[in-house]
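Assemble the complex: chain A is given as a structure, and chain B must be docked to it using the hints.
Each chain, letter by letter, is given below.
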Amino acid sequence: MSAETAVQEVKKSEPLFSKKNRKLITNPLDIDNPITVQVLGICSALAVTTQMKPAFIMALSLTVVTASSNAAISALRNTIPSRIRIIVQLAIVSLWVTLVSELLKAYVYDVSKQLSVFVGLIITNCIVMGRLEAYAMGNKPWPSFLDGIGNGLGYGMILMIIAFFREILGSGAIFGYKIFEAAGIHYQGNGLMLLPAGACILVGLIIWVQRSINGYREH
Amino acid sequence: MKFLRNTLDKAKHNFEEGGKYHKYFYVYEALDTFLYSPNTTAGAKGVQVRDAIDLKRLMMTVIIAMTPCLLFGIVNVGHQHFLALGQQASMMDKIMVGLMQVLPIVIVSYTAGGIVEAIFAVFRKHPINEGFLVTGMLIPLVMPPNIPLWQVFVATVFAVLIAKEAFGGTGMNVLNVALTARAFLYFAYPTQISGEVWTYIPEGAKVVAGYSGATPLAIAAETVTSGGNAVTQLSGFGAGWANESLYSLQNMFVGLIPGSIGETSTLMCLIGAFILWATGSGSWKIIVSVFGGAYAMGLLLNALAVNPFMALPAHYHLVMGGLAFGAVFMATDPVTAAQTETGKWVYGFLIGVFTVLIRVFNPAYPEGIMLAILLMNVFAPLIDYFVVSANKTRRLKRATV
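Heads up: the protein sequence lines correspond to chains A and B, in order. In terms of this note's numbering, the first sequence opens at residue 216 and continues consecutively. In terms of this note's numbering, the second sequence opens at residue -17 and continues consecutively.
Next comes chain A alone, as it looks inside the complex:
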């Protein structure tokens, strides 16, 4: 009998991490990935990935901004007049971006200098705007929040993969730690990986691998 009551409880209120909500986090990691499938946020993916540390901070910042502005916009979605919704979204996003930017300046100043303009540019990041338009404007705050987290993680995951290969191939290091030197091997850095073109090739390779695993066919 206990099984039946459990089912009824589920119908009454959706659990925080129901299957549908978990999908909001897992889908952007693979089949709905913002970078490799939707091809959004490419410029920052090419710009901040020469080393893993700034890439990590960037991914974290974007996740925070996307999730919190998603939640905020979703809470306000019924009161925002649809004609001026973009400017309202921008105002809210820039609030979060300014917060994140100030925090970075306060606690990780060197990375914040390295990221320079790219933290500020999160305001116009296509992923953030895209999620607000496509999801937060039509869904409740909690799923919107999860959607933001998921897309931030999907973005961050690709960023970390690119940054890993660029840093280890380009300068023979991981998170600034020179592993080849530590192992006593002379490693000659690959200059191509330090150029944005190297990141572009890596994105292409990641898409190639992902499509051959998922069985993508052009329509």
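Derived from the structure by calculation, the hints contain no laboratory data. Note that this is a predicted model, so its numbers are computed, not measured. Heads up, the beta-carbon is just placed ideally off N, CA and C, and yes, glycines get one too. A hint or two may mislead.
[Unchecked claim] Pairs of lysine to any residue residues, derived as SDA-like cross-links and limited to a Cα-Cα distance of at most 25 Å, are as follows: (1) B:Lys38 x B:Trp259; (2) B:Lys5 x B:Lys107; (3) A:Lys393 x B:Val136; (4) B:Lys267 x B:Val236; (5) B:Lys107 x A:Trp423; (6) A:Lys355 x A:Ile299; (7) B:Lys107 x A:Arg426; (8) B:Lys5 x A:Gly430; (9) B:Lys107 x A:Arg432.
[Said to hold, decoys possible] Pulled a few chain B residues facing chain A out of the computed Cβ check, cut under 8 Å: (10) Ala148; (11) Phe169; (12) Pro172.
Below, chain B alone, put in the same frame as chain A:
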């Protein structure tokens, strides 16, 4: 020979349907058809084109056309080596030194490309094709003699993987594969492929007094800042350590100058061009228009001539650097070049123009032919598109319906 055939036949059942190594059938098949001509031929009846020119034959023709460049390159590597060390050496010694430097590069290039080709043939279940035969020979010819072998390996793998297999394999590539390999090295490990690296000097060897490894293009580019006449700078170069004026117009044409292994001699490239033209393997239109474009751009710069490099006589541009080699063997690549006949003129002409433009105006890149060809490779489909649509409009106008 009989023994080899028997061994192959004996092993065959292992690779056929249901055999132990069926997955690797195409590796077996490649080996078999490489050694023997295939026993499956089209019947006497049917509508096939009966012609001996298949991909393998075409590729071999191009390789034969490259042989003069390769042989000359081997001698020249040795020649430059002894010239830089200030030693007299016999022809035999020069050839030996050249072989020691060049052969490993050729072997590494073929091995690396072959491995990637074989892996993809097994994965994609198609026969290993001959597309790599020419590329594998072109890559060594555009490398400096001193290049570390691991770099040749990495560059070849990169080029075959990214420039060819990612786009679908032989015949589907957008960019010239051999030039992609060179461009990769140029941007990834610039210290070994730019600057004064064009002469083989063993580590610790003592060079002759006054020696300089500067190339004609580098000397000409220097005149932009240092002033002076580019031609006098060139003909005066080498005095004191090289026995004749090294960078005279005639010597640059013959090619006894430092440079990448196969590209120094304009003369040998022209012999190759003749073979390509006579056998119909390469488009003479592209070759002629590349030279024409470079010459026209050279003349235009002469007319403007605000610095000594721009005043360099236009015909010098034709014999300096890798222009001839690029025009004959790289630009004519039938896959990446423009396909329409009018398009070929435009494509070649623009390659020549951009080569001279990059040479004269971009201080970061002393030689422009590599980037010019890669750039025009990308634009070739667009050129074809415009040629085809112009043709369509012309014919539509004529149509009276």
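task: Please flag the earlier hints that this structure goes against, numbers listed from lowest up.
output: none
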